[in-house]
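Engineer: Here are the chains, one letter per residue:
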Amino acid sequence: MTTRPPIPGMPRHLLGIEGLTVATIAALLDLSETYIDTSRSLVKKRDLLAGRTVINLFFENSTRTRTSFEVAAKRLGADVVNMEVQTSSTRKGETLLDTAMTLNAMLPDALVVRHQDSGAVNLLAQKVNCAVVNGGDGQHEHPTQALLDALTIRRRKGKLQGLTVAICGDVLHSRVARSNIHLLNTMGARVRVVAPATLMPTEIERLGVEPHFSMKSGLKDADIVMMLRLQTERMSGSFVPTVSEYFHFFGLDAEKLRVAKPDVLVMHPGPMNRGVEIDSAVADDLQRSVIHEQVEMGVAVRMACLDALVGDRRNFDIRIAEGGR
Amino acid sequence: MANGTGAPVAYINARLVDPVAGSDQLGSLLVGADGKIADWGPSLFSSGAPWGIETVDCQRHCLAPGIVDLRVHTGEPGEEHKETLDTAGQAAAAGGITSMCILPDTDPPFDDASLIEFVHRRSRQVRLSKMYAYGALTMDLLGEQIAEMGLLGEAGAVAFTDADRPLDNAQIMRRALYYAKTFGALIVHLPQEPTLSAGHMNSGELATRLGLSGNHRLAEAIMLERDLRLVEMTGARYHASKISTEDGVDVMRRAKARGLNVTCDTAPHYFALNESAVGEYRTFAKVVPPLRSETDRRAVVEGLKDGTIDCIVSDHRPQDVESKRLPFAQAQPGVVGLETLLPVSLELYHNRHMSLPAIWQRLASTPARLFGLPGGRFDKGAPADLVLFDPDVAWVVDPEQFSSKTGNTAFDERPTQGRALMTIVDGRVIYRDTKRWLPAG
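For the record, the sequence lines run as chains A and B.
When you line the first sequence up against our numbering, it's residues 1 to 325, in that order.
When you line the second sequence up against our numbering, it's residues 1001 to 1441, in that order.
These are calculated hints, taken from the structure and not from any lab test.
Please note that a few of the clues may not be correct.
With a straight-line cut-off of 30 Å between C-alpha atoms, the simulated DSS-like cross-links for lysine-lysine are [said to hold, decoys possible]:
1. A:K220 / A:K127
2. B:K1181 / A:K220
3. B:K1305 / B:K1256
4. B:K1305 / A:K261
5. A:K157 / A:K261
6. A:K159 / A:K44
7. B:K1181 / A:K216
8. B:K1256 / B:K1036
9. A:K261 / A:K220
Some chain B residues flagged as far from chain A (calculated, every beta-carbon gap over 10 Å) [unchecked claim]:
10. Q1025
11. G1032
12. R1060
13. Q1145
14. E1148
15. G1150
16. T1208
17. R1209
18. S1323
19. A1358
20. K1435
21. R1436
The beta-carbon is built from N, C-alpha and C at its ideal position, and this holds for glycine as well.
Kindly generate the complete structure, drawing on both the sequences and the hints.
Structural biologist: Have a look at this one:
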């Protein structure tokens, strides 16, 4: 059906980065490159997924990621349905599987799922016949974010291997950090995490990263600085005393960035809290901030992922083989 | 006169008590024009007093590093009628204390960097004993939200504590320890399990007779055990305050034997008094934690002797008459201690429990080292923060004679031996006992 080369080792679902090989990641990034050109053309629409159905199933509020997935699927010609499910936390498990089975009966080709609980997307994937893309599950993984970050870096720096990447901020609650750690480590980058000890996950060094408690040491000679969003509800709790103290020690400003390499790239998965984890002057610095480029790469990466999962007959054939309709 | 004119001064014929070297010998000490220790030792000026510079004959009295007191409550800001930083400075000077750390439980509490700077500014104005400030461990000392330890630390907070309020929420304590670790900060905690320590005096026979609600002695060990587990988990720096029970000393001893890097202190009332001081509802003997049994008191002395307890603090907490002349249960806890810290600590020497250098380790060198303060030791180039004291002079504690604004001492009318004759900060004499000390020269 398609002329693209196959993606080696592409799993049936994209649930996380952990476990993907160098070859799979590199091939996904290569495929994404071709979709950047598609998106930049006058006519952006292709018919690769024409006649296919993609359901965006979001149990957690999201505008940016959902829109990005929607645009990606539409540019590939698929029919897209958006479902935002408000869940009552007491009935989460039951609701999740019931919803999954209901949607499965509608025979979609792909489900893009975001859920506030870690592991919820994996659970759902076991119950459906179509391909499942993890759009972010709890504090576990957000694979397309890591891929789009990698694509942004690779296009700017020409490589991932050997780069020093500092991931800074609320690492404890961040699925973006975890996916990025897995991806960057697999691709041979040196990863540091920088956070106050209250926001540093236990035994994080076992994931192959170097923990730092100060921006000064963590950013020293870094090629890439990835800032993480500090969730509002964590700010004035027992994790961090106040916003002003957090910004003073862990907010990215020009002064703290000075110890990084001169050609350092500043990244942020958005949405940003200006004046909390990042200073406006840095966020808007066109020389170093690639925050808007990340958003563009997001669409290309999600097109590539949908293509890789359902662009050929593979998933359809598996479903038939399993006895699904 | 050795009064800060900026000229060098030689202190000769002194019994030098060196807590770091552990030595106690006759010798001399030279203070440079810069207010720093230029030289010292048994052989310095042994061939006679130096010519041409001011000389003070110490008449074989003890010359030691000035006391570094880690635990001082004052009433400034908020309760200036109880104590100001001026009166606390005068009392400290009279007690041989050259550095003191002010606890954050003032009104407002020290949970804002500007208050740390306030203490430093007042310290420079008062120009007596050096004053340092603790930062609050939690906002408003309520135990709910971590204080801005980073900003407070940058402003100069020496350590973080909620003073006499234990932090009962283990999760917040864990996060506070982690957060402190981010900045390498030291957390100081009063280990008392709050639900077991709600009573007014040590639980036991005396409390039963007096009909006062008891504060269980295990409140200390239970909280201490929890803290030490959290310290082990987080790897943070931790110091326990006012160890008062046999079980508490045991817990600390075992933790140290296990190699845990933790320290603790106690106060004179815990090694010199026991619960019987409460007698007939003496509210001046009401302290937090309460005075314990004789067995506990002896255990605290043992803990000091074998080094389980690292520091002795005054736990100075002034209370006016209105706060104390009340039914025991309603009276405020706390005793003044700046002017009795030295003589009551010397009881350990007179009772042959400890040598003078060992006592001075607990009073000066170890506290200074733990809190990263200058002073507390004889060192070339270290600030000349010194106390000249006569360890033997007998006197009776009389709160009327105190420089402190209030006289709520638990040692009223106690016959003691030893007192400061002269207190020196940065080479400058800030106190002189004019009745007992008129140096020739």
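Engineer: Against each hint, give a clear statement of whether it holds in the structure.
Structural biologist: Results for each hint:
Between K220 (chain A) and K127 (chain A), the direct Cα distance comes to roughly 46 Å. Violation of the 30 Å bound is thereby established for this hinted pair. At most 30 Å may separate the alpha-carbon atoms for a hinted pair to count; K1181 (chain B) and K220 (chain A) meet this at roughly 20 Å. Restraint check: the Cα-Cα separation between K1305 (chain B) and K1256 (chain B) comes to about 15 Å, which is no more than 30 Å; the hinted pair holds. Between the alpha carbons of K1305 (chain B) and K261 (chain A) the distance comes to roughly 55 Å, so the proposed pair goes past 30 Å and is violated.
For the hint linking K157 (chain A) to K261 (chain A), the alpha-carbon distance of about 13 Å falls within 30 Å, and the restraint holds. Distance check on the hinted pair: K159 (chain A) and K44 (chain A) sit about 27 Å apart at the alpha-carbon level, within 30 Å; holds. Restraint check: the Cα-Cα separation between K1181 (chain B) and K216 (chain A) comes to about 16 Å, which is no more than 30 Å; the hinted pair holds. Proposed proximity of K1256 (chain B) and K1036 (chain B) is contradicted: the alpha carbons are some 35 Å apart, above 30 Å.
The straight-line distance between the Cα atoms of K261 (chain A) and K220 (chain A) is roughly 8 Å, inside the 30 Å bound, and the hint therefore holds. Every CB of chain A lies more than 10 Å from the CB of Q1025 (chain B), the least distance being 45 Å, so the non-interface label holds. With a least CB separation of 36 Å from chain A, G1032 (chain B) remains clear of the 10 Å interface cut-off, as annotated. No Cβ of chain A comes within 10 Å of the Cβ of R1060 (chain B); the nearest lies about 51 Å off, and the non-interface call holds.
A cut-off of 10 Å between C-beta atoms contradicts the statement that Q1145 (chain B) is not in contact with chain A; the least separation is 6 Å. Separation of E1148 (chain B) from chain A is inadequate, the least Cβ-Cβ distance of about 4 Å not exceeding the 10 Å criterion. Not every CB of chain A is more than 10 Å from the CB of G1150 (chain B) (nearest about 5 Å), against its label as outside the interface. The claim that T1208 (chain B) lies off the interface holds: its Cβ sits roughly 40 Å from the closest Cβ of chain A, which is beyond the 10 Å cut-off.
Every beta carbon of chain A lies more than 10 Å from that of R1209 (chain B), the smallest distance being close to 43 Å; the non-interface claim holds. For S1323 (chain B), the requirement that its beta carbon stay farther than 10 Å from each beta carbon of chain A is met, with the minimum near 32 Å. Even its closest Cβ contact with chain A, about 36 Å, leaves A1358 (chain B) beyond 10 Å, as expected for a residue assigned away from the interface. Distance check on K1435 (chain B): its Cβ is at least 50 Å (rounded) from any Cβ of chain A, clearing the 10 Å threshold; non-interface status holds.
Every beta carbon of chain A lies more than 10 Å from that of R1436 (chain B), the smallest distance being close to 49 Å; the non-interface claim holds.
Of the numbered hints given earlier, the model fails hints 1, 4, 8, 13, 14 and 15; all others are met.
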